[in-house]
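A.B. asks: Make the complex out of the two chains shown on their own, each in a separate frame, by following the hints.
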Amino acid sequence: MTKTKNRKGLVIGAIVLVIVIALFGIIYSMTKPEANAGEKNITVTVIHKDLTEKVFDVQTDAENLEEVLIGEKIVEDNQTEFGLYILTADGETVNEMNQEWWCITKDGETLFTGAKDTLIADGDKYELTFTTGW
Amino acid sequence: MALDICLMAILGVVVYVLQVALGFLPNIELVSLCVVLFTLVFGKRIIGILAVFILLEGLTFGFGTWWFMYLYLWPLLALVTYFFRRMDSSLGWAMLSGAFGLLFGALGSIVYFVIGGVGGGVAYFLSGIPYDITHCIGNFILMLLLYKKLRNLLEKLRDKIYM
Numbered sequence: 001m002t003k004t005k006n007r008k009g010l011v012i013g014a015i016v017l018v019i020v021i022a023l024f025g026i027i028y029s030m031t032k033p034e035a036n037a038g039e040k041n042i043t044v045t046v047i048h049k050d051l052t053e054k055v056f057d058v059q060t061d062a063e064n065l066e067e068v069l070i071g072e073k074i075v076e077d078n079q080t081e082f083g084l085y086i087l088t089a090d091g092e093t094v095n096e097m098n099q100e101w102w103c104i105t106k107d108g109e110t111l112f113t114g115a116k117d118t119l120i121a122d123g124d125k126y127e128l129t130f131t132t133g134w
Numbered sequence: 001m002a003l004d005i006c007l008m009a010i011l012g013v014v015v016y017v018l019q020v021a022l023g024f025l026p027n028i029e030l031v032s033l034c035v036v037l038f039t040l041v042f043g044k045r046i047i048g049i050l051a052v053f054i055l056l057e058g059l060t061f062g063f064g065t066w067w068f069m070y071l072y073l074w075p076l077l078a079l080v081t082y083f084f085r086r087m088d089s090s091l092g093w094a095m096l097s098g099a100f101g102l103l104f105g106a107l108g109s110i111v112y113f114v115i116g117g118v119g120g121g122v123a124y125f126l127s128g129i130p131y132d133i134t135h136c137i138g139n140f141i142l143m144l145l146l147y148k149k150l151r152n153l154l155e156k157l158r159d160k161i162y163m
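For the protein sequence lines, the chains are H and R, in the order given. Under this note's numbering, the residues of the first sequence are numbered 1 to 134, in order. Under this note's numbering, the residues of the second sequence are numbered 1 to 163, in order.
Isolated chain R, as found in the complex (with noise of 0.2 Å):
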């Protein structure tokens, strides 16, 4: 219990630290990347990560409308990632990151829609296309060259901590 909740607040951390340090790179992010590895290798302990890395952001940015789509977004690819789980292709899962790109806009929208009405989440959609698609450009460019190499050492990592 104590060893998963140290590692669900590193990870937590390490999450953080990683989308602080490309964030003045537009929609060019490692969280993606990390949601998916850490989901596939150590499974549920991804809501305890996602958990502090969302309060992390909050903390540092200021619990804007962007935090409200954090709040179902990283948990949503968790979900996604879960669901594929048993995919082990770096094509398919930089698909799949590059799928989340892309849509990242479409669904933070919702909160759009909610606060300013149909007008207000069409245009915060249409307006964050380029952003969505250079999101779902670096996600799949990012996937796809480091999956397999961050799988194999995450999970001799989590070996030797669980053994």
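So here's chain H without its partners, still in its complex pose (with noise of 0.2 Å):
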């Protein structure tokens, strides 16, 4: 009686997973933001430790700002095992012993999905802002 009662909730368990599995990939497939072909027109800006900045206005047909960033030359292509790490951008390197880094933002806002995984459309504008302090 037991091992039926256990074989029934290990098959309803199953069951349930594999229900919330496939809800969990129609919702990603439902609110997956999808690249724009062609050609788009976007903005990065470098703003530097003194201050200065650096606009690139570029023209491509690159699905995601990791594309961008690396195909213009903008940053160094520092891969590590996380992805794309930028340590150098507009030929200024940060110097992690000070804690800097360049810091990713859209529209003057926080992103949230790395490099990679932000995909670009026509008109976005970016920016890479030498940061002090983690």
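The set of hints was computed from the structure by calculation and includes no laboratory data. Just so it is clear, CB atoms sit at the ideal spot from N, CA and C, and this is done for glycine as well. It is possible that part of the hints are untrue.
[Unchecked claim] Coverage of chain H stretches by chain R, computed from C-beta distances (three or more under 8 Å per stretch; other residues unrestricted):
1) 17-26
2) 109-117
[As the list claims (entries may be wrong)] Below 27 Å or equal to it, Euclidean Cα-Cα: the simulated DSSO-like pairs (lysine-lysine) are:
3) 54/H x 106/H
4) 125/H x 106/H
5) 149/R x 8/H
6) 32/H x 106/H
7) 8/H x 148/R
8) 32/H x 116/H
C.D. replies: Structure, rendered in structure tokens:
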């Protein structure tokens, strides 16, 4: 009797798990951003330590921000196990010992996805700001 | 007491090394397996094990937002494991571990809801769904394959240590 009860529980658990996985898959496919095909005009502004700015107006058919930053040589390609980790932007390299890093924002707002997962669209404006302190 | 402290330290380091060793595989990890097994075999000592593990993670990779997630995610898995401690089915534990992997992103997004508002939390959760599904499958397979053998082995080791 107990064995049947346990088996029933396992079967129900398996069905629920499969349903939740399917649900997550559906939610993701409905909400994932679509990359715009064709040429896009985007702006990347690099704000240096001395607060000088360099604006890169880019025409690209790249799909994500990482492709733009590396392809247009705005940043040096520094790949780690976690993906692109920007140390040098527009020729200026941060010193991690001083807690320096490059902060990426879009229209001044914090990005919650990495450069590779940030799909770009025509008219987007990104900023790379030299930042001190974690 | 001294034995417990040494055991918790060693096992905490074991979990840490396993996590770092598999770090190159996105969301494929043995930490869930270890948390479940150590909770079942060593009981409350999992608290000390997790403390060592989480501290080592922070010292190695920095105390970022992900670290605050670790503060509640792994203890939560230990708690759920303790709740289901009478279950002895590999399939059952595989499903529980898989479910934990699937919900890892959703549970982790709580931190982003706090620091980034609703938009931040939702963005974090949605963008992580493919990784959560990978995490679910990885956890399921690893638990299904390794639970029985490792539990038997750990129980024998525990009995030898505490005889």
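A.B. asks: Decide, hint by hint, whether the structure agrees.
C.D. replies: Hints versus structure:
| no. | hint | in the structure |
| --- | --- | --- |
| 1 | 17-26 | holds (count 5) |
| 2 | 109-117 | holds (count 4) |
| 3 | 54/H x 106/H | 16 Å, holds |
| 4 | 125/H x 106/H | 6 Å, holds |
| 5 | 149/R x 8/H | 25 Å, holds |
| 6 | 32/H x 106/H | 18 Å, holds |
| 7 | 8/H x 148/R | 21 Å, holds |
| 8 | 32/H x 116/H | 14 Å, holds |
Against the hints set out earlier in the document, no violation occurs for any number.
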